[in-house]
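Asks: Using the hints provided, position chains H and U relative to the given structure of chain W.
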Amino acid sequence: MNQMPTMPSTKQEHDVVFENIGMTFQTAAGATQAVANVTGSIPEHKFVSIIGPSGCGKSTLLDMVGGLLKPTQGSVSIDGEAVTAPRRDTAMVFQEDSTLHWRSVLDNVAFGLEVKGVPKDERHERARKMIELVGLRQFEDHRPGQLSGGMKQRVAIARAMAMEPRVLLMDEPFGALDQQTRQFIGRELLRIWEKTRNRVLFITHDIQEAVYLSDEVWVMSARPSVVKEVVKIDLPRPRPEGTHALPRFRELEDHLWSLVKVEAEKTLGPGAQLA
Amino acid sequence: MRTATLPLFPRTTGRTKTRNPGTVTDNLWRAAVMVALLALWAALSVLTDLVASPAASFTALVELFADGSIYRHLNATLQAVLIGFLIAAAAGFPLGYAIGRSKFLGAVFDPIVAGAFAIPRVIFFPILLQVFGVGVGAQSAMAALAAVFPIMVSTTAGVRAINPLLPKLARSLNLSPLQTVAKIYVPAMAPSLMVGIRIGFSIAFINVIIAEFFAARAGLGLLTLRAYGQLDLPAMYGIIVLLALIALAGNLALWAAERRLSRKA
Amino acid sequence: MVAGQSGSGEDPWTRGAAGVTVAKTLTRSQPDPLRRRAAAVRWAILVGLVVVLEAATRTGLVDRTLMVPPSEILARLISIVPTGQFGADAVRTITTILVAFAVGLVLGIPLGVVLWRIPAAGRILEPFIVTGYAMPTLLFYPVLLAVMGLNAGPIILIAASMSLVPIALTTMVALNSIKPILHKLANSVNASPSQYYVKVLLPAATPLVFPGVKLGFIYAVIGTVAMEFILAAQGIGFRAGFYYRELNTADMWAYIAVVVVLSVLVNSILTWLEKRIRRDML
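Residue numbers (our numbering), protein chains in the order written: chain W, 128 to 402; chain H, 7 to 271; chain U, -17 to 264.
The shape of chain W in the complex, shown without the other chains (with noise of 0.2 Å):
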């Protein structure tokens, strides 16, 4: 069930498409390739996540869609245009709380809008919105230090939406939360994804998160990085209770894991080169 990444050539116009992307970083130790030739594309609608041996340089991919980080070679745009700083269509979450803690929720998830420029009520209605629709209208004037981690990365998240934007990206969001709560938060990110269908980049090292949420997996592969493979992944969406049971689920995430252990032993294992 694997298929060659789209080429280019195949691209459809609302596409995030990434042509021969690469990433190299100049440090004290000299030259570090992070990203080395990252092709694909991203249809409109489309839940992907991206998974890979620690250190492959996730991070770094995200950071070039979102405008934060200029690719050393190749490109990446959105709806044809390069990116080439921080976009109105994009909008970020990471994994880190990035709560303003001096804000209420409400000034919080409206602090993308303010930025903008969108006047006061405008914005706060927006804000409202999305704080509904994260469920967190009762905390809209709390701060953030009254509220669990769960709940500060769900105001991230609806700050992010509340943005509207074409690509969201989340850099493993659920990193720091407890199993517990990522389970939770996980089915509540798709219930809000179902109604606003942006396109999401999503990271993260939970492969069992990667097949539940997403509609493609890439793998990517060791340092330098390139995609390995892209897995479709067909379960039934919206995703019914009891999917983590269903055998094809089983098997998407066996597969997934077999490729990301490889790519893991040679970033860890005995013939690993040190970062």
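Be a bit skeptical, because a hint or two may be false.
Unchecked claim - Listed below are the simulated DSBU-like cross-link pairs for lysine-lysine, each with C-alpha atoms no more than 30 Å apart in a straight line:
hint	chain 1	residue 1	chain 2	residue 2
1	U	LYS166	W	LYS256
2	W	LYS388	U	LYS257
3	W	LYS256	W	LYS173
4	U	LYS161	W	LYS247
5	U	LYS181	W	LYS256
6	U	LYS161	W	LYS197
7	W	LYS243	U	LYS166
8	U	LYS181	W	LYS355
9	U	LYS181	W	LYS197
10	H	LYS189	H	LYS109
11	W	LYS197	W	LYS355
12	U	LYS166	W	LYS197
13	W	LYS197	W	LYS359
14	W	LYS243	W	LYS322
15	U	LYS257	W	LYS322
16	H	LYS109	U	LYS257
In short, the hints are calculated from the structure, not lab data.
Replies: Same frame as chain W, now just chains H and U:
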């Protein structure tokens, strides 16, 4: 977690990672800054009569050493600083420790210590003069009164910052109270203590000089004032340089001690 | 206050997983009865001290040349405060303090920002700063006096130099401790540099900078009063020294009392402000 609001350099309290003040490029830059300062001084001295040139000042200073007249004053000042500092340490460490260890004492005395810190201690100098008369005694008392605060406060902070597991460890090893303090608490608190000592030294130094300005029989502060009164500007600036060197030397010595202590710890 | 137990229907989270979504309460630093007892003891100590001093001075245990009874000090205070001379002194001292603090702020904060942006500068200059801090800047008084004349100028500058050091250092430390993720966040929403400074950096840094500002103000007070005591011809600090030289112990103590009350008042107000800021912004 309620920590005493330390009225001191925030950066250097508690979790100090002792900085290494000695990489080669850094020292080169410092030398450059010194040269620039000297150049600025020289320029000022040309521009105005009120500033003596570096050369004249150094010469005057050397002369003071050569004819021996400076030693009486140097001794008086250094004595006062040392005695004052020792008294401050003798009082400050135990008091700070007690306040830090006991939640209740902390609650009682934290506001008092913080409030007392805000009072210009110089204002009590006349009282000290009445008690000790004019002389090294009064200056030492002034220095002690001023320096006891930073020492107390940093000791309190050091005690409070001790990892709560350490007392448990001590009990599990069946250490006597004395052993506990000596082998576990003191090394754990050493960085905070050193910072308090360093700041205490500086404050003792400043206060001795200030006291000498007000009333003294001997001392570098008095000498400065006299030089100024006699319009002997080179001598005055020379003594100021000497004071700066003493301050610098003291701080560097304590810094080095701080580093060695944390390497052992 | 536990969140979510009103169990609103829409939010599937709050129903079952109370353990997951309970909002954290803001913890109080110490149990109340302890603090109240401590406050009581504290007041008892202070009142007791006054009582002991009153007794000691009245019975002659403590000589009149050393200290006069607190009740007499209070009487002197009451008669001194309404006088024109006191008013002039007070105005002079308070203005000097405020100006010195303002200068310390205006110089200290940018200096702190510079030290933050160029970490090397901080490392290199550290010995100089520490030495400067240990040197009584009052030694430069003669130069300042000649340049600025016999007025409040030199005192302001000396007090300001004491004030700016904690402000600069605290600003630097505060800016350094801002989570880098907030910078990444601002970048990702395409905030302009000024938006980043005003909407993120400033509010994040303020509760951390304020303790340094408070310390700077305290040093402005200490510096002003100390310099007035030694060098000036006017001001509350000066007046205390003046009465000492006149051997007027009672009035000297009255002015010492003024200084004490002023400093403690300033400290209390600033501490209260600090707590408010921590509560609202940290």
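Asks: So, for every hint listed, does it hold in this structure?
Replies: Hint check:
At most 30 Å may separate the alpha-carbon atoms for a hinted pair to count; U:LYS166 and W:LYS256 meet this at roughly 25 Å. For the hint pairing W:LYS388 with U:LYS257, the CA-to-CA distance comes to about 52 Å; that exceeds 30 Å, so the pair is violated. With a C-alpha separation of about 23 Å, the suggested pair W:LYS256 and W:LYS173 falls inside the 30 Å cut-off, and the hint holds. Of the pairs offered as hints, the one joining U:LYS161 and W:LYS247 holds, with about 27 Å between alpha carbons and a cut-off of 30 Å not exceeded.
Note on U:LYS181 and W:LYS256: the hinted pairing holds, with a Cα-Cα distance of about 23 Å set against a maximum of 30 Å. Note on U:LYS161 and W:LYS197: the hinted pairing holds, with a Cα-Cα distance of about 23 Å set against a maximum of 30 Å. With a C-alpha separation of about 16 Å, the suggested pairing of W:LYS243 with U:LYS166 holds against the 30 Å cut-off. Among the hinted pairs, U:LYS181 with W:LYS355 is inconsistent with the structure: their alpha-carbon atoms are about 42 Å apart, more than 30 Å.
A C-alpha spacing of about 26 Å is found between U:LYS181 and W:LYS197, which places the hinted pair at or below 30 Å, so the restraint holds. For the hint linking H:LYS189 to H:LYS109, the alpha-carbon distance of about 23 Å falls within 30 Å, and the restraint holds. Our distance criterion of 30 Å between C-alpha atoms is met by W:LYS197 and W:LYS355, whose separation comes to about 23 Å. Our distance criterion of 30 Å between C-alpha atoms is met by U:LYS166 and W:LYS197, whose separation comes to about 15 Å.
This hinted pair checks out: W:LYS197 and W:LYS359 have alpha carbons roughly 29 Å apart, not beyond 30 Å. With a CA separation close to 24 Å, the supplied pair W:LYS243 and W:LYS322 stays within the 30 Å bound. Taking the CA atoms of U:LYS257 and W:LYS322, the gap is about 44 Å. The hint is violated against a cut of 30 Å. Under the criterion of a C-alpha separation no larger than 30 Å, the hint pairing H:LYS109 with U:LYS257 is consistent with the structure, at around 20 Å.
Hints 2, 8, 15 from the earlier list are contradicted by this structure; the remaining hints agree with it.
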